[in-house]
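Using the hints, position chains B, C and D against chain A.
Protein chains in written order, with my numbering: chain A, 1 to 342; chain B, 1 to 342; chain C, 1 to 342; chain D, 1 to 342.
It should be emphasised that the hints constitute simulated quantities derived from the structure, not laboratory data. Heads up, a few of these hints could be off.
Since copy identity is lost for identical chains, a pair holds within one copy or between any two.
Stated by the list, open to error - Lysine-lysine pairs mimicking DSSO-like chemistry, simulated, CA-CA at most 27 Å apart:
#1 221 / 115
#2 93 / 60
#3 221 / 188
#4 260 / 208
#5 260 / 124
#6 60 / 188
#7 188 / 38
#8 93 / 208
#9 93 / 124
4 protein chains.
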Amino acid sequence: MTHSVAILGASGYTGAELVRLIATHPGLDVRALSADRKAGMEMSEVFPHLRHLALPTLRKIEDLSFDEIDICFCALPHATSQAVISQLPRNVKVVDLSADFRLRDPAAYETWYGKPHSAPELQKEAVYGLTEFYRDEIRDARLVAGTGCNAATGLFSLIPLVSTGAIDLDDIIIDMKCGVSGAGRSLKENLLHAELSEGWYAYGVGGKHRHLGEFDQEFSKAAGRTVEVQFTPHLVPGNRGILATTYVRGEARSVHEALKAAYADEPFLEVLPFGAVPQTKHVRGSNFVHIGVVEERAAGRATIYTVLDNLTKGSSGQAIQNANLMLGQNETTGLMLAPLYP
Amino acid sequence: MTHSVAILGASGYTGAELVRLIATHPGLDVRALSADRKAGMEMSEVFPHLRHLALPTLRKIEDLSFDEIDICFCALPHATSQAVISQLPRNVKVVDLSADFRLRDPAAYETWYGKPHSAPELQKEAVYGLTEFYRDEIRDARLVAGTGCNAATGLFSLIPLVSTGAIDLDDIIIDMKCGVSGAGRSLKENLLHAELSEGWYAYGVGGKHRHLGEFDQEFSKAAGRTVEVQFTPHLVPGNRGILATTYVRGEARSVHEALKAAYADEPFLEVLPFGAVPQTKHVRGSNFVHIGVVEERAAGRATIYTVLDNLTKGSSGQAIQNANLMLGQNETTGLMLAPLYP
Amino acid sequence: MTHSVAILGASGYTGAELVRLIATHPGLDVRALSADRKAGMEMSEVFPHLRHLALPTLRKIEDLSFDEIDICFCALPHATSQAVISQLPRNVKVVDLSADFRLRDPAAYETWYGKPHSAPELQKEAVYGLTEFYRDEIRDARLVAGTGCNAATGLFSLIPLVSTGAIDLDDIIIDMKCGVSGAGRSLKENLLHAELSEGWYAYGVGGKHRHLGEFDQEFSKAAGRTVEVQFTPHLVPGNRGILATTYVRGEARSVHEALKAAYADEPFLEVLPFGAVPQTKHVRGSNFVHIGVVEERAAGRATIYTVLDNLTKGSSGQAIQNANLMLGQNETTGLMLAPLYP
Amino acid sequence: MTHSVAILGASGYTGAELVRLIATHPGLDVRALSADRKAGMEMSEVFPHLRHLALPTLRKIEDLSFDEIDICFCALPHATSQAVISQLPRNVKVVDLSADFRLRDPAAYETWYGKPHSAPELQKEAVYGLTEFYRDEIRDARLVAGTGCNAATGLFSLIPLVSTGAIDLDDIIIDMKCGVSGAGRSLKENLLHAELSEGWYAYGVGGKHRHLGEFDQEFSKAAGRTVEVQFTPHLVPGNRGILATTYVRGEARSVHEALKAAYADEPFLEVLPFGAVPQTKHVRGSNFVHIGVVEERAAGRATIYTVLDNLTKGSSGQAIQNANLMLGQNETTGLMLAPLYP
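If we strip away everything but chain A, and leave its shape as in the complex, we get (with noise of 0.2 Å):
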């Protein structure tokens, strides 16, 4: 059975995202598209490389009609999200790609978003949207909040391990490079291609990306206790991909046989054999995570090496696999798609 789609904010790079995963999937149909600044501009001319789909003309969200719609997803700005979300009917499901409901605690939200939460029994109603570890509340919600794709990626290098306590919670640093397209397709200068192609750095150093929110609430949830670990995003010239590579303290063996344990049955989560690194092009363009473990020189230190691609598993390919379950749906229904390499 085919479930009716409304994509809100469909002309970011996360929109096109959604609609590249649903023009080959077959239980999701695309009904209504929304893009404020673009209203009454077809999709193909805002994405031309999705001309080839029949798809609705993009609209206000005010003209949107939600009569027909199973489920909604939100692409839109932080903040935005809020406001649009506690409009919507309550039949309509919900999964949220902003960072507006990934914070359960208000008082967490004010301090990494700078504002108080306008729709804080939504907050409360909303299933973080970690699958694999998130699986049967989001079966059963009406909202699912996307997780920032940093914090995915370093919520599934050590998830398995802070709750079992095979590494010192203490002493965890993650060190992550990421492509630009997590920046989206915001005009910004540092975003051009003369100014990031040939050149790499960090940003939202010294503990101030709000993902940190995201992994001291996910953390400290696995481990039943307090975990703050540092965190160092990096930009690199590539558009699509997230490597993290974390350091922690702990026997790399037993690192490595607790996330084989962990995931030894999910579709999308694939362990290397000890010792072997992943690269982020290995993935690219697919929901696949690939995960390796390194043992260090130095007794008891491991370092763990994880890839995904921001825009689909991290992003996208996420939701959709969400969506999937809320709908009573084959969890990987339309996103079996292989990595696209070279």
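Showing chains B, C and D alone in chain A's frame:
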């Protein structure tokens, strides 16, 4: 019903692309893989991005059994292909991705490839794999010769114009900009990242590029007279994609109309609105072709812009499109994947 | 002896390139820098790669004193340049990098730039900055108009052929492949890394690119009759460099000889051996131009390949070359930096 | 006064970079070039970007005369260097860019390079080429061993901290992001553009990278006790540049002060304002090093960000800086070229 597939020369980019596409193709199943120098290895060692798939171990060709193989894709080097295909059981259908069977005339083959053909009888039997123009022959063929990726790009730009005489047949210039994956996974200094990135230049200049053999054969056939175009490929710092800028003498509107009419019912060929130009990235990773026509300021001159992905529509996607026909399947099966953007 | 330099519009790429070149130029010293929106900032904040240099703070133009300035480089937007330069003291020599003074004919200016020129008397006075062809006029000029970067590339390819009639003047096609820095540091969606990298396409198609105004002016002057070439620029995923592939009717050997003869004594123009083709990366970051000539298979047809760095020889390097002449210095002073490779 | 230079192994990237820098160096003149496999070729055939220079023909080493050579740069492969240098006349000063003479301890050499050193007496004599810390020894040296490019980046980040005890010596993690030119011009599959661009990953993991030998030697020397850091290099899709993200336990302000104090008078080492982070592209093509220090949210933790160009300050620029000292020239002569941006 599912058909059994063998891929010979699976360790190259076209081999990997075949596996990528077949991974989500409902009617094809990979049963045998060969790679001479890498025999004994798993495909996931040669191409880790395919590790989520259950694939047969790489073998030497002589160690493969073709008893239950319905169709065989040959992604072998030129010349090797001739020798191998002549040894294959006659009941196995073959799609050859090499250059060995593209030219029907033994003399032309010798001219462009520098030595006589070793399997002239197969050469006679082979059907040229430009699906949109050889559909019926391909349906009944036992051996189909995949086109050159540059050749396909130029042929889609011009055949309907050459056959209808919408343009001057003696003044055609094709300036092509090609991504590097067309050169394969070979260890050549000019293919190194440090050598290629941030730079671009022409190659195969002076009418020496072998794909001219295909142009001469197909354009002359379409025109019913000898047609020899001028063609220069350029290497640009990208992995996938070909852009053909084709300069012709003819009325731009008629050129646009002729192409629109010719491709009106084609599932993969999209003619853009008059005056619009395509981008290689808008078809990346897909089987689609985008074609634009522009009027020049000089009276009676038009320019045609055509893009496709050299590894998909230019090679492996085209091969599967032909295989679908040879196996009596719907021509588009497994090939409707949307382009990867950004 | 050292001359004092002012750079107006120093916050763009051509401004930064001027500073880079002057940094090791023994006869020039930067005494004043302007940047309207960034007035009050240090150059090292706008361009951290220049932080090792002691440079004046960025000011608004009206806050600069020109009393001790010998020469002023204007790297301002089109139209702004006219207004600013007419206000500069007559004793300050000026090299303008904008398009404002490239066209001598007011009517032509209005045609290509869409409005009448606001300083027609200056327009008359201005000398076209293509050094190799206007050397004597530039030596005595007070105002030199830098050429367009695409224009320079095409002019170097053709002027000696157009003036000697070595080619058919009515059948010239220039297919150009341009790096993105030519578009400047402006915030446009198509200049984003995620949009541009891994893709390429034509722009300014259909004889609409403004540099055609320069081609028409200079080629007609060289030929002593009206010459209108066909020209299409393409954007490729690289930062610096322009490759012009120029298709002409003429005897290839004569074309090669004519270019070799014309440029025999030029310090920056290198004509490659007959049949060899240049690469953009071989001149990156330098003031050199490499030119190659190839014979086509069709009798009487030749192709000329010309490369230069749009920010150096195509803009700021050319500007300093002209300033050297205007200041009575050796023309090559400070410009012999070798290309950066890889 | 001008000194005569020989470059052995001139066909690699460090050889080309030496020639690029010497091209505008007033005190050095290239008199001899060797390249074994390319003997008999002109440098302009191997590196067309250098065609404007008058350079000696490439020869085999045995065909070179060292009679009038003042200094010899050896850019030969590891192991080869030992054999060649021991045969050079004692009156020729030598700067070796290989790894052969970086480690003073023969046992350490054998550990990291897998075989005994063939010229231990030269090994004793060699001075480690980290100019800023070995200036006096280098001035008087006959043989200087250029540092590893990764080693230099890490050493600049830490030596002043290790020697002053500003940080915990037992908890240092260096996460490095390296451009591909550091791997040289060698034909390896992973260095192909199609393999590397659009992807990134770790290599030499698990404490196996040979530059650890240099870290152990220099940090232990600076600390007066054994110091073994943790180090992981990553390959990113860029040609030039290294970024070292170094995680330490120490008070961030003190770390910043210690580095500022140590490098206050250094012409090439720039310590950024507290909290600012550097970019590899801001030093590309130059001999400069930019260093930033950031305070982490966890008390007592700081992160140091250091960038340099692996081919310039990390290799050939450093070599010329050392040669300037060995020849009694000003240390910065010929090395003040500004970075190329964008």
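Each hint tested on the structure:
When the C-alpha separation of residue 221 and residue 115 is checked against a cutoff of 27 Å, the pair qualifies only within one copy, where the shortest distance is 24 Å, while the shortest distance between copies is 51 Å. When the C-alpha separation of residue 93 and residue 60 is checked against a cutoff of 27 Å, the pair qualifies only within one copy, where the shortest distance is 19 Å, while the shortest distance between copies is 53 Å. For the homomeric pair residue 221 and residue 188, neither the shortest alpha-carbon distance inside one copy (36 Å) nor that between copies (43 Å) is at most 27 Å. Taking the closest pair of Cα atoms, residue 260 and residue 208 come within 27 Å of each other only across two copies (24 Å); inside a single copy the shortest separation is 32 Å, beyond that limit.
Taking CA atoms no more than 27 Å apart as the test, residue 260 paired with residue 124 passes in neither setting, with 33 Å inside one copy and 49 Å between copies. Proximity of residue 60 to residue 188 under the C-alpha cut-off of 27 Å is found in both arrangements, the shortest distances being 25 Å within a copy and 24 Å between copies. In this assembly of identical chains, residue 188 and residue 38 lie within 27 Å of each other by CA distance both inside one copy and across copies; the values are 19 Å within and 16 Å between. Neither within a single protomer nor between protomers do residue 93 and residue 208 lie at most 27 Å apart by alpha-carbon distance, with minima of 32 Å and 50 Å respectively.
Taking identical chains as interchangeable, the C-alpha atoms of residue 93 and residue 124 lie at most 27 Å apart only when both belong to the same chain, with a minimum of 16 Å there against 60 Å between chains.
Going down the numbered hints, you'll see the structure goes against 3, 5, 8, while the others check out.
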